[in-house]
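Engineer: Spelled out, the chains give:
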Amino acid sequence: MKQCDIVIIGGGPAGLAAAIAAKKAGADDILILERDSMLGGILNQCIHNGFGLHTFKEELTGPEYAARFIDEANALGIPYKLGTMVLSVSRDKELLCINPEEGLFRIAAKAIILAMGCRERPRGALNIPGFRPAGIYSAGTAQRLMNIEGYCVGREVVILGSGDIGLIMARRMTLEGAKVKVVAEIMPYSGGLKRNIVQCLDDYGIPLKLGHTVVGIEGKERLTGVTIAAVDEQRRPIPGTEEHYDCDTLLLSVGLIPENELTRGMGISLSRVTSGPQVDDRLQTDIEGVFACGNVLHVHDLVDHVSEEAALAGESAAVYLQKQKTSVPHKVTINAENGVRYTVPQSLDIDNMKDAVTVRFRVADIYRDRAIVVCYDGTEVMRRKKKIMAPGEMEQVILKKSSFSDFPALKEITVRTEAE
Amino acid sequence: MADSIYDVIIIGGGVVGAATARELSRYALSICVIEKEEDVCSGTSKANSAIVHAGFDALPGTQKAKFNVMGNAGMEALSQELSFEFRRNGSLVLCFSDEDMPRLGELYRRGLQNGVPDLRILTGKEARKKEPNLTDDVVAALYAPTGGIVCPFGLTIALAENAADNGVEFRFHTQAREIRKTENGYLVVTDSGDFQTRYVVNAAGVYADVLHNMVSARKLHITPRKGDYILLDKEAGGHVASTIFQLPGKYGKGVLVTPTVHGNLLLGPTATDVADKEDTATTAKELAQVLEKSAVSVKNIPYRLTITSFSGVRAHEDGDDFVIGEAPDAPGFFDAAGIESPGLSSAPAIGAYLAEQIAKRAGAKRNAAFHPQRRGFVKLAEKSPEERALLIRENPLYGVIVCRCMQISEGEIVDAIRRTLGARSLDGIKRRVHQGMGRCQAGFCTPKAMEILSRETGIPMEKICKNRDGSEMLSKMN
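Same order as they appear, the protein sequences are chains A and B. Quick note on this note's numbering: the first sequence kicks off at 1079 and runs consecutively. Quick note on this note's numbering: the second sequence kicks off at 511 and runs consecutively.
Hint data in this document are derived by calculation from the structure and do not stem from the laboratory. Each hint should be verified, as a subset may be incorrect.
[Unchecked claim] Some, not all, of what chain B presents toward chain A, calculated at C-beta under 8 Å:
1) A512
2) S514
3) C950
4) K976
5) K986
[Unchecked claim] Here are the simulated lysine-lysine pairs, PhoX-like style, with alpha carbons at most 20 Å apart:
6) A:K1188 <-> A:K1102
7) A:K1465 <-> A:K1489
8) B:K889 <-> B:K870
9) A:K1489 <-> A:K1464
10) A:K1159 <-> A:K1135
11) A:K1171 <-> A:K1463
12) B:K986 <-> A:K1257
13) A:K1298 <-> B:K787
14) A:K1298 <-> B:K973
For each residue, glycine too, the CB sits at the ideal point set by N, CA and C.
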């Protein structure tokens, strides 16, 4: 059986950044497994710009951003296999893989980095009533057909959900000559970035209807129209508010789900909130030597954050390979409370942590004039005022190792919001 | 003037039409199936409960009772012969109150009269022991070990493929507009040619009354009865092992909760009479009913694992029974009308019965070349690693995974397109090899499946359809 020190599942932005960081941290025997025919993952179909503002201080398109990492991985001589899908992974890190050249084969890995990304929630998960005609696409599928394959998916468009891909596709389809009639969002706030609402909807006069959803789908063959209605606080449609839109295309941008089939198959504990694995400050899952990063861990807004997070996973895997078993770790749990939906990581090893750890999280609702508060065993150690926070924008706090020196017996860290 | 002459024209490529075609192909007859859609299994046969009923439901002496029990008894052998998915998982009819017990007993006695084997009445406790997720409201249950689940696409497509392999012609995009009595039989006028035939089999589903009434004075009347379903991810497939029915009672006509042969959990159907024979739109009200009623039978159903909802229309005839056989005032015109539940279970037996009747009338000889077996699908995901490795060595396309949720390879999709009566639409591929049926509902694999279909058939990408004409996936470029 083929042996490998670090196998990285997924050659998108997370997998690439993890591979580069692992190599730079001293790991040598690395292999990236990618199921598509090229590296770069979802970035390849994101031909709009706005990537890399944090990482490179310039605005790149998705393929350009990916190319920087692909070039670096190539320069470092990191091997990869394309068209290769991992079918299963055992708890002792043996991967079962498939591709047309080698057929079915196994790889024994010493460490594994999970970087499989996420997928889009389909229509079915929403139980939208009506017919099931052609012309209903998840936004990402439509994006792929347009930007990679070069096809036009429709002319008159309604978009359900204001996730970032939906917003980007509203602009993209408008630029291609389609008429985007409305974006309906069931929540009272958008799930996407503020800048995307401004640049993709407002700039093109596309209305965003918050607190609205699709309640009817018409057309037996191709879609001919949808009905939209306002919803009440329980997200139930309000009778009498229905509005009909003629359209041949409905795009869905109603949420992303980390793709954790392999993770679940390994028996790794998943968070019910993120749908990703539970990890510590090294982004290690509850199987030693298995790390996770990027959208498979939790869904990100910005690829820059993915790259940064993935670099930590790569470095952690390299350190894991080099290190002898350390003393019993001093593990501290990180709790999300009062308006903080989750944190990543969910735990921290104070003795073995780096000098600083970035804790990322999302809030549960739109909050104005609230503070982010961090407590160590009930003692407030950090308070940061925020004018506005939204579920669509990921937040973070940085915890320094030095801040723990006064808490030798620390058991739990709490991240919460508080009204100012 | 007829464009073609046949011994038998079967109108409708659903499960009954396909079964009749397959059974008729045992005889030396020229047979043609005409189907208005682009593929077989495109109407009622594609959207139903996928159940092989044990046969205790129908009143003794009815056609439904007779063909259900016969169809059930033969399903296992047929599934092996034709290689489609079928499993006897047993069924339970739940009783929720002591007042309803006499009606459960009546169902039991009806089953005995219909000849259903091994029926037993279980106490609520026994039923919960068998199915731990049943609610505490269950006071008793009728257990039928012969109840089963089947892949309705698999069954219909297998019958049709085997019929085609044995010489039956299939004409798609062909809708019967008119049927005229002629000297030697009937002229079937369609939107793509007129066909002379000695015998007609009317297996037109919800349209069977329209066709029957063209040739017979004894009018039929079919009401399209719509049922909404909710399908849950495979992760929920083990929530129950048996098919769970509800005894009609204070909750009205119940819904079922059942595993499917594909490993999903299926809930439904509702029953709403609709005006349009093709009204397959789900409604919020009915989907809510499915949720509410299913929770009466089974607790903790993980509704958050819903992957799709759909609706099917069954053909309810006013007489409340199947109408099967030669129309008394239209010699040579054979009906298979009013085929609602238990139609899927009964179809093979209905097909065998009609074929025998027609062959007798035609004085047909046996088709010496008849071959009862049909090559099944490869189903890579169910193979051992060693078998898979071997298959990929023979055909590298088996190593290209297109549908990641169901782990369906390009090789399997190519086979679905190239084989007898191969798929010509995305739904056709899906019904054959289950690509796109998983939890992402084809979000990931749609572009690739479109490309493969276009490459294999020569249909341009802009003309690739989800199912029937008019369901094009793409628009023309600017």
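Engineer: K889 of chain B and K870 of chain B were given as a pair; does the straight-line alpha-carbon distance stay at or below 20 Å?
Structural biologist: violated, 39 Å
Engineer: Hinted pair, alpha-carbon criterion (20 Å max): K1298 of chain A, K973 of chain B. Please report holds or violated.
Structural biologist: Since the Cα atoms of K1298 of chain A and K973 of chain B sit roughly 17 Å apart, the hinted pair holds (cutoff 20 Å).
Engineer: Hinted pair, alpha-carbon criterion (20 Å max): K1188 of chain A, K1102 of chain A. Please report holds or violated.
Structural biologist: holds, 18 Å
Engineer: A512 of chain B was flagged as interface toward chain A. Is the shortest Cβ-Cβ separation under 8 Å?
Structural biologist: A512 of chain B check fails; min Cβ-Cβ to chain A is 30 Å, beyond 8 Å.
Engineer: S514 of chain B was flagged as interface toward chain A. Is the shortest Cβ-Cβ separation under 8 Å?
Structural biologist: violated, 28 Å
Engineer: Would you mind confirming whether the straight-line C-alpha gap from K1298 of chain A to K787 of chain B stays at or under 20 Å?
Structural biologist: Distance ~12 Å between K1298 of chain A and K787 of chain B Cα, so the pair holds.
Engineer: Take a quick look at whether K1171 of chain A and K1463 of chain A sit within 20 Å of each other, Cα to Cα.
Structural biologist: violated, 44 Å
Engineer: With a cut-off of 20 Å on the C-alpha distance, tell me whether K1159 of chain A and K1135 of chain A pass.
Structural biologist: violated, 31 Å
Engineer: Is the hint on K976 of chain B kept, meaning its closest Cβ partner in chain A is under 8 Å away?
Structural biologist: holds, 4 Å
Engineer: Holds or violated: K1465 of chain A with K1489 of chain A, Cα cutoff 20 Å?
Structural biologist: Roughly 31 Å between the alpha carbons, so the hint for K1465 of chain A and K1489 of chain A is violated.
Engineer: Hint check: is the beta carbon of C950 of chain B less than 8 Å from a beta carbon of chain A?
Structural biologist: holds, 5 Å
Engineer: For K1489 of chain A and K1464 of chain A, compute the direct alpha-carbon distance and say whether it is at most 20 Å.
Structural biologist: violated, 27 Å
In this structure, the earlier hints numbered 1, 2, 7, 8, 9, 10, 11 are contradicted, and the remaining ones agree with it.
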